[in-house]
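Participant: Input sequences plus hints: build the corresponding full structure.
2 protein chains.
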Amino acid sequence: MIFKGLEGVKVCKTSICYMDGSNGRLFYRGIPVETLADKSSFEEVAYLLWYGKLPTKSQLEEFKSKFSRNRDLSPESLEILFKLPKNLHYVDVLKIFLSIHGSVDNSEEDLQEKAIKIASVFPTILAYYYRYSNDLELIPPREDLPHIENFYHMVFGERDGYLRALESAFILLMEQDLNASTFTALVIGSTLSDLYSCIVGALGALRGPLHGGACEKVPPMLEEIGSEDKVEEYVQRCLAEKKKIMGFGHRIYKTYDPRAVYLRDTIQRLFPDNKLFKIAKRLEEYIVGNRIKNIYPNVDLYSSIFFEAMGFPRNMFTALFAMARVVGWTAHVIEYVSDNKLIRPESEYVGPIGVDYIPIERRDEDGKDSH
Amino acid sequence: MIFKGLEGVKVCKTSICYMDGSNGRLFYRGIPVETLADKSSFEEVAYLLWYGKLPTKSQLEEFKSKFSRNRDLSPESLEILFKLPKNLHYVDVLKIFLSIHGSVDNSEEDLQEKAIKIASVFPTILAYYYRYSNDLELIPPREDLPHIENFYHMVFGERDGYLRALESAFILLMEQDLNASTFTALVIGSTLSDLYSCIVGALGALRGPLHGGACEKVPPMLEEIGSEDKVEEYVQRCLAEKKKIMGFGHRIYKTYDPRAVYLRDTIQRLFPDNKLFKIAKRLEEYIVGNRIKNIYPNVDLYSSIFFEAMGFPRNMFTALFAMARVVGWTAHVIEYVSDNKLIRPESEYVGPIGVDYIPIERRDEDGKDSH
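Protein chains in written order, with this note's numbering: chain A, 2 to 372; chain B, 2 to 372.
These aren't lab readings, by the way, just hints derived from the structure by calculation. Don't take every hint at face value.
Identical chains blur together in the list; that is why a pair holds if it fits in one copy or across any two.
[Said to hold, decoys possible] Keeping only pairs whose Cα atoms sit at most 30 Å apart, straight-line, the calculated BS3-like set for lysine-lysine is:
{"#": "1", "residue 1": "K245", "residue 2": "K84"}
{"#": "2", "residue 1": "K244", "residue 2": "K40"}
{"#": "3", "residue 1": "K342", "residue 2": "K5"}
{"#": "4", "residue 1": "K255", "residue 2": "K87"}
{"#": "5", "residue 1": "K279", "residue 2": "K11"}
{"#": "6", "residue 1": "K255", "residue 2": "K54"}
Only a predicted model underlies this, so the values are computations on that prediction, with no experimental measurement involved.
Facilitator: Right under this line is the structure:
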């Protein structure tokens with residue numbers, strides 16, 4: 002029996018996150034994600050996911066100070082930044098710097114400490130590359146600001162955007178059980194490789210258009226549709242051409258993705274007149290209303306519109322997703338390796354066995370060789 | 002039911018490689034690996050693995066010329082090379098440059114063409130970093146030399162080492178079905194991410210000490226043992242302390258790893274008096290002879306000794322492994338995505354559901370919070 006795509010195959014126990022796919026619910030350590038998005042902070046939810054419970058006041062203070070102390074890039078990394086081509090994808094920029102950091106960080110500290118270091122430096126890498134590649138002066142990280150506010154400040158040089166909504170969005174994106182990028186991190190972690198390598202691998206998976214990369218494909222799709230009255234025609238054309246509609250469908254959620262619902266409501270409140278948002282809502286109405294392929298909007302549909310409305314460039318969307326998800330990735334690696342077993346599946350061999358090695362002068366030039 | 006480590010779980014069909022674990026046999030596209038190691042070339046086996054059959058003379062010529070045309074680093078990458086710290090791990094150096102290349106390579110060519118580009122540039126990255134970090138002048142790649150000879154020349158500035166034996170070693174290491182690094186590449190590839198991302202992820206997995214990273218741990222272990230007469234004492238101590246003996250044991254091979262046998266014979270022929278080799282042979286005799294834990298030497302035991310005897314630095318061993326295995330990684334991604342399904346397993350949630358979010362001022366400072 003072949004478990005293609007490992008659909009429904011359970012690879013481990015976890016107490017990090019529960020996804021109720023039939024009812025469209027998501028819980029971090031048992032707490033509904035909407036509650037955390039409403040009330041909590043990036044740092045507090047990271048603490049919850051890594052350590053299994055909400056921090057007390059003094060724990061949170063100590064934790065936040067660790068988080069803010071690891072924001073700087075080394076002088077060596079800064080020199081490399083200024084040599085990078087300006088047209089790289091932000092996810093690749095993350096991979097480059099995390100590979101460098103991982104190689105020079107040989108400290109024996111525990112994985113939680115490494116996870117803090119890694120999550121902490123994401124905003125700096127993204128903001129620095131944004132400003133460098135747009136020929137803007139770099140804004141150094143500020144230790145006195147919380148994670149999200151510091152990030153926003155480093156990118157835009159301002160602190161008065163919709164910061165609460167941005168923080169909520171990051172909280173929603175932080176964790177989602179064994180999706181393809183988290184599973185990538187687990188497979189790498191199961192070899193007892195370093196945590197940086199796990200994250201660099203996960204970044205590569207997140208980038209794929211069947212995973213987080215979808216969020217960068219949504220705005221161009223909505224622009225291609227052009228206006229609300231073209232939605233039906235577009236959907237019908239996709240169906241006829243068997244083309245995937247970006248921002249819809251999910252392996253686990255067989256109803257509304259709760260993150261999509263939350264973000265849709267956020268955009269409705271803050272950017273109700275956004276043109277792409279109107280097209281997206283109409284698309285949702287049409288597809289869900291007509292039960293087309295039984296798919297529902299997923300998080301990418303609205304996260305992309307939200308990030309765009311907040312002023313972030315499109316080729317940063319997947320990296321923004323990663324800036325949140327790095328918490329879930331690291332939490333799962335930490336949990337898995339605490340009771341580790343190398344992840345090494347098998348395949349079913351369907352080729353020949355015992356084929357002769359025919360010397361090259363006897364191989365037919367017309368391609369009809371003897372095996 | 003939980004399939005921890007996915008042991009015995011088949012995730013896809015394949016016709017690339019067959020591992021007969023009980024009899025210690027390995028076949029690439031049906032041909033015994035020993036035959037290929039004896040008679041074939043790196044390029045020819047890469048062709049076999051990627052395209053499914055041995056090339057004709059004209060096919061091989063065209064293929065070799067493609068292979069040799071993609072060796073250069075861009076001027077931008079060279080500038081970055083000269084800014085890198087000199088103490089990076091070679092695997093991380095590969096990750097850095099492949100992330101850059103992947104980000105600037107937006108060509109729409111097919112995956113086979115990308116695979117050639119990627120495999121072709123590995124030797125250049127390794128040789129350049131070797132010479133740069135050892136303050137030696139770089140030796141540019143030569144289009145007129147075959148893959149392995151060019152690599153050896155770029156590293157050592159010579160062409161008269163045991164090149165045939167080196168090529169055989171690389172052929173042995175090229176492919177090994179769904180080991181953890183190849184599976185990492187598949188998971189990433191299944192999101193339809195780019196091929197460079199698949200390889201960068203696989204590199205991270207290969208580096209783990211439960212996978213390819215083991216080869217860098219073997220020589221220090223043999224040095225720790227010190228001499229042949231200390232072998233028994235060392236093994237008994239490992240057993241008592243439940244410590245893993247590096248270079249022994251395999252998830253699939255339950256007898257001799259055919260690659261270990263081949264490499265042991267090679268070393269016996271070329272470097273019979275190598276001190277670490279003598280300890281390794283004695284270790285093998287003792288462990289296999291006394292049926293200790295029913296483990297057998299795996300490829301890492303002898304590949305590490307071979308690479309060291311050939312003059313390569315220890316922290317390059319995993320990267321050398323990768324320089325071969327990149328062919329298998331890319332072959333599997335190409336095969337899998339031709340009939341793709343997103344790899345997305347599940348977990349069994351064992352935590353609580355519906356936990357209250359307790360405001361921070363009501364959380365107990367002594368850590369006994371209410372959930």
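Participant: Could you run down the list of hints and mark each one as holding or not?
Facilitator: Comparing the hints with the structure gives:
1. K245 with K84: neither (38 Å within a copy, 43 Å between copies)
2. K244 with K40: Close neither inside one copy (39 Å) nor across copies (47 Å); limit 30 Å.
3. K342 with K5: Both ways: K342 and K5 sit 21 Å apart in one copy and 7 Å across, limit 30 Å.
4. K255 with K87: neither (40 Å within a copy, 51 Å between copies)
5. K279 with K11: So K279 and K11 fail the 30 Å test inside a copy (39 Å) and across (45 Å) alike.
6. K255 with K54: within (29 Å within a copy, 43 Å between copies)
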